[in-house]
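Colleague: Chains as they are written, first to last, in our numbering: chain Y, 1 to 247; chain B, 1 to 415.
Just so you know, the hints here were simulated from the structure itself, not pulled from any lab data. Any given hint could turn out to be false.
Here are the simulated lysine to aspartate or glutamate pairs, EDC-like style, with alpha carbons at most 16 Å apart [as the list claims (entries may be wrong)]:
no. : chain 1 : residue 1 : chain 2 : residue 2
1   : Y       : 53        : B       : 259
2   : Y       : 167       : Y       : 192
3   : Y       : 53        : B       : 271
4   : Y       : 72        : Y       : 57
5   : Y       : 144       : B       : 258
6   : Y       : 215       : Y       : 227
7   : B       : 248       : Y       : 95
8   : Y       : 215       : Y       : 31
9   : Y       : 144       : Y       : 94
10  : B       : 379       : Y       : 95
11  : Y       : 167       : Y       : 31
12  : Y       : 72        : Y       : 48
13  : Y       : 215       : Y       : 241
14  : Y       : 109       : Y       : 165
15  : Y       : 53        : Y       : 236
16  : Y       : 215       : Y       : 236
17  : Y       : 53        : B       : 260
18  : Y       : 167       : Y       : 6
Take a look, some chain B residues computed to stay more than 12 Å from chain Y by CB distance [claimed, not checked]:
no. : residue
19  : 22
20  : 32
21  : 139
22  : 144
23  : 276
24  : 310
25  : 314
26  : 338
Label pairs and their in silico Cβ distance ranges [stated by the list, open to error]:
no. : chain 1 : residue 1 : chain 2 : residue 2 : range
27  : B       : 186       : Y       : 26        : 51 to 61 Å
28  : B       : 307       : Y       : 133       : 53 to 63 Å
29  : B       : 6         : Y       : 2         : 40 to 50 Å
30  : Y       : 149       : B       : 389       : 24 to 34 Å
31  : B       : 246       : Y       : 2         : 57 to 67 Å
32  : Y       : 28        : B       : 191       : 55 to 65 Å
33  : Y       : 138       : B       : 42        : 57 to 67 Å
34  : B       : 145       : Y       : 65        : 56 to 66 Å
35  : Y       : 138       : B       : 190       : 56 to 66 Å
36  : B       : 19        : Y       : 2         : 53 to 63 Å
We treat Cβ as the ideally placed atom computed from N, Cα and C, and that holds for glycine.
Residue-level listing of the chains:
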Amino acid sequence: MTALLEVSGVSVTFDGFRAINNLSFSIGPAEMRAVIGPNGAGKTTFMDIVTGKTRPDTGSVTWGERSVSLLKMTEAQIARAGVGRKFQRPTVFEDQSVADNLILALQSKRGPLAALRFALSGAGRDRVAELAAEVGLTDHLARKAGELSHGQKQWLEIAMLLAQEPKLLLVDEPAAGMTLAERERTTAMLVEMARTRAVVVVEHDMDFVRRLNCKVTVLHEGRVLAEGTLDHVTKDPTVVDVYLGRG
Amino acid sequence: MTAPLAPRPFLARNPSVGWFLGILAALCLIVVILSPALGLDMVSTSFIKTLGKTLCLCLAALAMDVVWGYTGILSLGHMAFFALGGYMIGQWLMYARTEEIVLLSLAGGPIPPTATEVAQGVATQIFGVVGSSDIPAIWSFAHSLPLQLALVVLVPGIIALVFGWLAFRSRVTGVYLSILTQAMTLALSLYLFQNDSGLRGNNGLSGLQNLPGLAATSQDAVSLWFFLASAAALGLTYVLLAWATSGKFGSVLRAIRDDEARVRFLGYPVEGFKLFVFTATAILCGIAGALYYPQAGIINPAELAPIASIYLAVWVAIGGRGRLYGAVIGAAFVSLVSSWFTGGRVPAINLGFYTIDWVDWWLVLLGLSFVLVTLFAPKGIGGLFDLWQGLRAPDRKGAPLGPDQGALQEKEALE
Chain Y
1 MTALLEVSGV SVTFDGFRAI NNLSFSIGPA EMRAVIGPNG AGKTTFMDIV
51 TGKTRPDTGS VTWGERSVSL LKMTEAQIAR AGVGRKFQRP TVFEDQSVAD
101 NLILALQSKR GPLAALRFAL SGAGRDRVAE LAAEVGLTDH LARKAGELSH
151 GQKQWLEIAM LLAQEPKLLL VDEPAAGMTL AERERTTAML VEMARTRAVV
201 VVEHDMDFVR RLNCKVTVLH EGRVLAEGTL DHVTKDPTVV DVYLGRG
Chain B
1 MTAPLAPRPF LARNPSVGWF LGILAALCLI VVILSPALGL DMVSTSFIKT
51 LGKTLCLCLA ALAMDVVWGY TGILSLGHMA FFALGGYMIG QWLMYARTEE
101 IVLLSLAGGP IPPTATEVAQ GVATQIFGVV GSSDIPAIWS FAHSLPLQLA
151 LVVLVPGIIA LVFGWLAFRS RVTGVYLSIL TQAMTLALSL YLFQNDSGLR
201 GNNGLSGLQN LPGLAATSQD AVSLWFFLAS AAALGLTYVL LAWATSGKFG
251 SVLRAIRDDE ARVRFLGYPV EGFKLFVFTA TAILCGIAGA LYYPQAGIIN
301 PAELAPIASI YLAVWVAIGG RGRLYGAVIG AAFVSLVSSW FTGGRVPAIN
351 LGFYTIDWVD WWLVLLGLSF VLVTLFAPKG IGGLFDLWQG LRAPDRKGAP
401 LGPDQGALQE KEALE
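Given these sequences and hints, build the entire structure.
Modeller: This is how it looks when you write it as structure tokens:
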């Protein structure tokens, strides 16, 4: 299986602090992966590198069948190539309606002139309605996103990610601030998404990771400590030592 | 089909457009009826010029609102583009008019004047004041109205494009960008102050109210034409900007204003959008300036002073940024009140120990009201319309505003 995303030998230093140290990681086109690790392990920096927010000092990040390097692309180009990112804190455009938020995320040409000429097509309208229904926001389409509850904002952001139709989805702590029922729904949705695309979930919550039932990568001090099933990595003495043992 | 997604007609999406065009048309009608040129001669020509100039300032404020209120780029240099537009049209006005005068004075000679003689005469007339008798290279197109009109668009556009490209590419944002734009307008102003800049240094360009070829036409008529042209430009721009900002383009701009990084992760070229808006609004300011300065009659480098662009921001803030009619109201209200206060017609207040002379104290009043608006009414004058609409028709669309089942639970909030 050819990898969708291949990160190899990447290192980043912030003011002398080695946030990522010779990290290598790869994920296939339809795979779910959980990334866990203690605070400061480099989980967020890893996401920043893949999405183009942070440039690594050394190493390479290649993407897709033709192995394009992501390092020379801007954040927007990487997003257009098919990398979607969900932040920990729900980030929706609070001053705009739920419908506008979804239309913004919907697949379309992204340039200024294309945006000026843009008119929501019938298919686009159906897609927005469908996405809103999927996350239970149909009745809220006309409301400003800022008026939604915390959980609803999370759902809106997930719907926006779906609208973007990414090939790779990076999800930062999806379960944070969610109720138990919402967590279950989120899990089901992530598993469903991973059927057709690659999903990387960064999570603290071991319970949540167990429910995802997927391969786990443990990060520690900016490098991969262990990789395998959750049971496998939790039995690894080094993992127990640096991560679980501390709790 | 869900109702919020159904396409709505342009006027339904932009209720302010109908109102705006109606009020503007009514204003035009009243001015024409009362004007000395076509009507009852009940308002003075200078007042019509003031109104026409105010409409041009409103046009610049619209541009400022799009770049600041919608996109969140606090440009404090847009009046430089306004003045550059004025300089570009001023070059043609001054050149063509001077040429006329020179031709007239040489007509009495025994043989017809040669082209060199005419050029010499024009150069002495225009540049004698800065001690030069050659026509500088930047006046190469001044003989042609179409070329100078093209420059009205091109000069502000290209300067904005280059400046914006350099600034946005380096991700300069916020107050740093504001300072850079101030530096830009100051630098341009200082450059134009030099005599060898070729635009007559601190004398600037004058006599712009006299249209070449129309020496016989009275200023009564000319002022009315310019007033109507300014109104047409303002109306057209309003419709254009309402169209642009109410669709997806406007949605992207507001998203950039609120969370630039998130817009990037949606795949939008944020820098491209900013550059587009910065340049397009600079061009709008250039056009506004090209309509303003023939009514003002004179332009000099002081028009590019950093304070001018700050005024523009103040107007938009007082009127209410993020809504097009707010910008127009702010610019019209503040500049008309300003010309009233500084016109010396407001009675001074005698406090016994000190006399408040409004010509001096107007700026203090303006500064104070700016601070008060920023602190207590961030929506500006435009916010009054919300209040009015809110009282008349609470638009809740039937949805509850309170927290519902999915809201953060009390337990979680305490953590």
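Colleague: Checking against the hints above, which ones are violated?
Modeller: The structure breaks hints 13, 15, 23, 31; every other hint is satisfied.
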